[in-house]
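Chemist: If you want the building blocks of each chain, they are given just below.
Protein chains: 2
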Amino acid sequence: MAKNEFDIINHYFAHQQQQRDDVVLAIGDDCALVDVPANYHVAISTDSLVAGTHFLVDADPAFVAYKALASNISDLAAMGATPAWVSLALTLPTIDEAWLAPFCHSFFELANRYNIQLIGGDTTKGPLSITLTVQGLVPRGQALTRSGAQVGDDVYVTGNLGDSAAGLALILNQSQCDQRLTKVLVERHFKAHPRVNVGEALRGIASAALDISDGVIADVKHIGERSQVAIEVDVEKLPLSAELLAFCDGDCQQAQQLALTSGEEYELCFTASKANRDALKMALAHTNVKYSCIGQVIAGRGLLLLQLGKPVSWKLSGWDHFVVTNK
Amino acid sequence: MAKNEFDIINHYFAHQQQQRDDVVLAIGDDCALVDVPANYHVAISTDSLVAGTHFLVDADPAFVAYKALASNISDLAAMGATPAWVSLALTLPTIDEAWLAPFCHSFFELANRYNIQLIGGDTTKGPLSITLTVQGLVPRGQALTRSGAQVGDDVYVTGNLGDSAAGLALILNQSQCDQRLTKVLVERHFKAHPRVNVGEALRGIASAALDISDGVIADVKHIGERSQVAIEVDVEKLPLSAELLAFCDGDCQQAQQLALTSGEEYELCFTASKANRDALKMALAHTNVKYSCIGQVIAGRGLLLLQLGKPVSWKLSGWDHFVVTNK
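Protein sequences, first through last, are from chains A and B. Note that UniProt numbering has the first sequence beginning at 1, numbered continuously upward. Note that UniProt numbering has the second sequence beginning at 1, numbered continuously upward.
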């Protein structure tokens, strides 16, 4: 891009207020330089959002910025890491200030909220897309991975499930409901809260964790595969919002099915031993985030859905009810 | 992308052999986890290459992969950092194995050569582009920044300058020459060698450094601005390859002008005090990389081009011969 176009972008990137003590050198040299405290590991996650694939070309740039950064922060939360730094690669067809201004405002508002400093990136000309690499810090040996679930552990999720899918259906005009409800659910889709404080609180307590990005039945399988266990979920225990139930006109089964398959929730799903129930209650009390036990870790492989103790026979994308095996 | 498409990509990503001891967790969890040794800083650089902007859509994917990674490694070299980890965000219109296979082969060949492990990334559907975030390690306090140049320092470059611009002109059919020469210069454009061993050797010796990505007259100004000095370059001292002179039919002035403006050279430009001349000679002897003193740091601001001691009056993009001032 031409020099003056860079200047425009730099103007917007200067919006950020966050300056961290551990950033030795930020934007303006060949690399950023950061300082990692002793006894901490660095957690790193990269995600791309591409116009036309992950968001509509005419989507509100404030929502796009929020979603791009929030989904990355959520990956840090799922590891129990504290967010620290972000690199932003932004590809734009043209320098459109009407797009850039709300994008940057939203991006830095969220970055500042989580004490994240923009340390570098690249701005290029091309079809609209955003690639972020976020980095966070986690004490050595305390990262929450997907591989530590043990048979007998409880399975939990934070918040409610299903709202994001309802919001997406409304955005895509696949469903309709009243204005107030539409506003709430669309915002839930775009503006999920990364559960950073929960992830931090779960260090040393949870045996495995991840964030729900593809739907809990798809995501929970990753824990199963990496931990070499099966997961049993009781659909009656799925946490459902009043708004989701209203969206489903009170059809509880429809709400449960949405809750099981709803992606981009950015709630955490985690496992913890029954012996840690009290520790969990204590650790999460100060986070003000609700959490629900939705099932347990069992021997075998796969995912079993139960309703009132009996296997359900629902047909759901990403789940095969014949799949739990002893191997 | 569909699940089986991910499997195809994973197949190619499994090509890598590099496994570093400091990678606690690589691909497969919410984040990668890495271990940073005490007394080291992490250097981080992000670059995007977009089809149609940075390379032709039909460019050889092996060259594209090489260039994307090499340009990022070069940023680490310019900081005096030792490469360690890379995250790859790859956006593809379709899963084209005929494109992916040579891309991955070339990517991992270069990554392995520099002991770099792929720790994560994202594969998405959309217009072809590649965003890399590379990370390296540099001992605390020894990073080579752009801001340390002092009046009286010598100004150096590694290798030769101008070959990349000549190669690009040949690729774009703006120039023509014989087949052997074309092959050499095109390869110089696509396959520059990042000067990692030089960067490492310059720790504690160079006062400032960067890599030449926009042309030495554009890049050297960054040292001037960040160090609040001016730079004087003697065009007769520019290192020119025999191939560049042949490309220019022996026209030395044309070759010098190409050398001054040629981008994507990925040679290092650095400054060092005259007191460090012997130390520099010793430190770079084992690297087998040629280096040339092309000028010196002077008081003021801007860039002065000299030929046999007299200011030149060439018109060059990115350089204004009236620009050296006392402020």
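If you are wondering where the hints come from, they were derived from the structure by calculation, not from laboratory data. These figures come from a predicted structure and were not determined experimentally. Some hints could be false.
Straight-line C-alpha distance at most 25 Å; calculated DSS-like pairs for lysine-lysine [as the list claims (entries may be wrong)]:
hint	chain 1	residue 1	chain 2	residue 2
1	A	Lys191	B	Lys315
2	B	Lys237	A	Lys125
3	A	Lys125	A	Lys183
4	B	Lys310	B	Lys221
5	A	Lys221	A	Lys125
6	B	Lys191	A	Lys125
7	A	Lys221	B	Lys191
8	B	Lys183	B	Lys221
9	A	Lys274	A	Lys310
10	B	Lys290	A	Lys125
11	B	Lys274	B	Lys290
12	A	Lys183	A	Lys221
13	B	Lys237	B	Lys315
Chemist: Decide if the proposed pair is consistent with the structure: B:Lys183 and B:Lys221, CA atoms, cutoff 25 Å inclusive.
Modeler: 32 Å, violated
Chemist: Next pair to validate is B:Lys310 with B:Lys221; report whether the Cα-Cα distance is within 25 Å.
Modeler: Since the Cα atoms of B:Lys310 and B:Lys221 sit roughly 20 Å apart, the hinted pair holds (cutoff 25 Å).
Chemist: For B:Lys191 and A:Lys125, compute the direct alpha-carbon distance and say whether it is at most 25 Å.
Modeler: Satisfied, since the Cα-Cα distance of roughly 23 Å is no more than 25 Å.
Chemist: Taking only the CA atoms, is the gap from B:Lys237 to A:Lys125 under or equal to 25 Å?
Modeler: Violated: B:Lys237 and A:Lys125 sit about 35 Å apart, past 25 Å.
Chemist: Has the given pair, A:Lys221 with B:Lys191, been kept, meaning a C-alpha gap of at most 25 Å?
Modeler: With a Cα-Cα distance of about 43 Å, the restraint between A:Lys221 and B:Lys191 is violated, given a limit of 25 Å.
Chemist: Between A:Lys183 and A:Lys221, is the straight-line Cα distance small enough, at 25 Å or below?
Modeler: Given pair A:Lys183, A:Lys221 is violated - Cα atoms ~32 Å apart, limit 25 Å.
Chemist: For A:Lys125 and A:Lys183, compute the direct alpha-carbon distance and say whether it is at most 25 Å.
Modeler: Violated, at roughly 33 Å.
Chemist: Are A:Lys221 and A:Lys125 close enough, with their CA atoms no more than 25 Å apart?
Modeler: Since the Cα atoms of A:Lys221 and A:Lys125 sit roughly 39 Å apart, the hinted pair is violated (cutoff 25 Å).
Chemist: Checking one constraint from the list: CA of A:Lys274 to CA of A:Lys310, max 25 Å. Satisfied?
Modeler: 22 Å, holds
Chemist: Taken at face value, is the distance from the CA of B:Lys315 to the CA of A:Lys191 at most 25 Å?
Modeler: 52 Å, violated
Chemist: Keeping to a limit of 25 Å between CA atoms, is the pair of B:Lys274 and B:Lys290 held or broken?
Modeler: Status holds; Cα separation ~18 Å.
Chemist: Holds or violated: B:Lys290 and A:Lys125, Cα atoms, limit 25 Å.
Modeler: 35 Å, violated
In this structure, the earlier hints numbered 1, 2, 3, 5, 7, 8, 10, 12 are contradicted, and the remaining ones agree with it.
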